[in-house]
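**Student:** This is what each chain is made of:
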Amino acid sequence: MSAEALTCHEVIELLSDYIEGVLTADDHRRVDEHLALCDGCATYLEQMRETIRLSGMVSEDHVPEPEKSALLDAFRDWRR
Amino acid sequence: MRAMPEQQVVASSPDAAVIARLLQGDETTFIMLVDQHQPAMLRLAQMYVSSRAVAEEAVQEAWIGILKGLPSFEARSSLRTWMYKIVTNVAKTRGVREGRSLPFSSLSRDDDADPIDPSWFQGPDDPFPGGWRTFPDDWRGIPEDRLLGRETLDHISRALDAMPAMQAEVVRLRDVLGWSSDEVCNALDLTETNQRVLLHRGRSRIRRDLDTYLSEGRDR
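Which chain is which? The protein sequence lines are U and B, in order.
Converting from the first sequence to our numbering requires adding 332 to each position, the first position being numbered 1.
Converting from the second sequence to our numbering requires adding 1494 to each position, the first position being numbered 1.
Please keep in mind that the hints were generated in silico from the structure rather than gathered at the bench.
Where is the CB? At the ideal position from N, CA and C, for every residue including glycine.
Hints may contain errors.
Said to hold, decoys possible - Distance condition first, Cα-Cα at most 25 Å in a straight line; then the derived SDA-like pairs of lysine to any residue: (1) LYS400(U) with ASP1520(B); (2) LYS1579(B) with GLU352(U); (3) LYS400(U) with ASP1529(B).
Said to hold, decoys possible - Listed next, with one range per pair, are the computed distances between beta-carbon atoms: (4) GLY1643(B) with PRO396(U): 44 to 52 Å; (5) ARG381(U) with ASP1639(B): 16 to 24 Å; (6) GLY1617(B) with PRO398(U): 54 to 62 Å; (7) ALA1510(B) with ARG385(U): 26 to 34 Å; (8) GLU1710(B) with ARG412(U): 18 to 26 Å; (9) ARG1634(B) with ARG412(U): 42 to 50 Å.
As the list claims (entries may be wrong) - Output of the computed footprint for chain U on chain B, the stretches with three or more beta carbons under 8 Å from beta carbons of chain U: (10) 1580-1590; (11) 1630-1638; (12) 1647-1653; (13) 1678-1684; (14) 1688-1695; (15) 1699-1706.
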C-alpha cells in the first residue's frame, strides 16, 4: 500500500471514474478517505452527480418531417 | 404466439420485440426508432464526412443497411449498438472516398481547454499545495425549478455543442441517453480508457459551465 494522501486537485480528476465505479480498490478507498474529511471535494462530488442528473433531462433534437418521410419511404420499399 | 425454447431467445426481449414488429412492417415502431436515433446518427456520421448533406446521405444508406441486416441480426450486441456500428462503417467509407482522414483529431482539439482549472488549487508555495483555494458552491440550496429550468438545460446543450465532437457524443450517449459504457465503446469504436477520459472531461466541462451560470446572483 503506497498510501500517500491525495490532494483535492487529484481527487477532482478521479471523481468521474469514482462515480463510474472503475477505480482500483486502492484508489477508491483513498478517494473515500479524502471525501470523508474534505467538504470542498464532497461538495464538488455532489455537483458532478447533479450535473449527470441534469444532463439526463436534456432532450434530443427532433427529426424534421421531410427526413422522416424519406426514411418511411425507404422502410416501405424494404417491405416490398 | 408460440413459445420458443429458451436458448433460441437470443435478443434481449425489448430488442426482440422491436425487431419482430419491424419485420412485420410496423411503421409506428420504425418511426419511433428514427425519432430515437436519427439525431445521434447524424452527429456520428458528421464526424467522418465533410458536410451535413453527405452525413444525411450516409445515415439514409445506413438505415437501408440496418433494415436489410435485420433478419440476420444476431444479438451479440444490443440493437442500437449494432445500428450505430453500421452508421460508423458507412460514414467511414464515405469519408475515405472523400479523402478525409479518420476523426481522431476530434479526440483532442486546441480549443479543448482543461475544464478543471489548476488555479482553483493552491500552488507549491501555499500552505496546502493542491488543496482548494475556495470551496466550490453548494448547489443544494438552489430551488429545483431553477435547476430544471429551460435556461439550465440550455447551458448544458451549449456546453455539449462547444465540445470536441467525440467527447460530446460520449456524454450524450452516456448521460443524456443513458447508454452503458460497453455500448458506447462498441458503437463509437472507442477503448474503455478513451471513453472514460472523454466522459470525465465532458462532465467536468458541463459542471464548470453550470457552476458559472448557477452562481450568478447568488450570495456567496
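**Student:** Give a verdict on every hint.
**Tutor:** Status of the hints after comparison with the structure:
1. Restraint check for LYS400(U) and ASP1520(B): the C-alpha separation of about 15 Å stays at or below 25 Å, so the hint holds.
2. With a C-alpha separation of about 24 Å, the suggested pairing of LYS1579(B) with GLU352(U) holds against the 25 Å cut-off.
3. Taking the CA atoms of LYS400(U) and ASP1529(B), the gap is near 8 Å; set against the 25 Å cutoff, the hint holds.
4. Checked against the hint of 44 to 52 Å, the pair GLY1643(B) and PRO396(U) fails, with Cβ atoms roughly 27 Å apart.
5. Separated by about 19 Å at the C-beta atoms, ARG381(U) and ASP1639(B) satisfy the suggested range of 16 to 24 Å.
6. The supplied range of 54 to 62 Å is met by GLY1617(B) and PRO398(U), whose beta-carbon atoms lie about 57 Å from each other.
7. Between ALA1510(B) and ARG385(U) the beta carbons are some 31 Å apart, a value that agrees with the proposed interval 26 to 34 Å.
8. Look at GLU1710(B) against ARG412(U): about 57 Å separates their beta carbons, and that is not inside 18 to 26 Å.
9. Separated by about 58 Å at the C-beta atoms, ARG1634(B) and ARG412(U) break the suggested range of 42 to 50 Å.
10. Figure legend: the stretch 1580-1590 of chain B, annotated as covered by chain U; annotation inconsistent (0 residues with Cβ-Cβ distances under 8 Å, at least 3 required).
11. Only when three residues or more bring their CB closer than 8 Å to a CB of chain U does the claim for the stretch 1630-1638 of chain B stand; here the count is 5, and the claim holds.
12. Under the rule that three or more residues need a Cβ within less than 8 Å of chain U, the assignment of the stretch 1647-1653 of chain B holds, with 3 such residues.
13. Look at the stretch 1678-1684 of chain B against chain U: 0 of its residues bring a Cβ nearer than 8 Å to a Cβ of that chain, fewer than three, so the hint is violated.
14. Look at the stretch 1688-1695 of chain B against chain U: 3 of its residues bring a Cβ nearer than 8 Å to a Cβ of that chain, three or more, so the hint holds.
15. Look at the stretch 1699-1706 of chain B against chain U: 4 of its residues bring a Cβ nearer than 8 Å to a Cβ of that chain, three or more, so the hint holds.
This entry does not satisfy hints 4, 8, 9, 10 and 13, going by the numbered hints stated previously.
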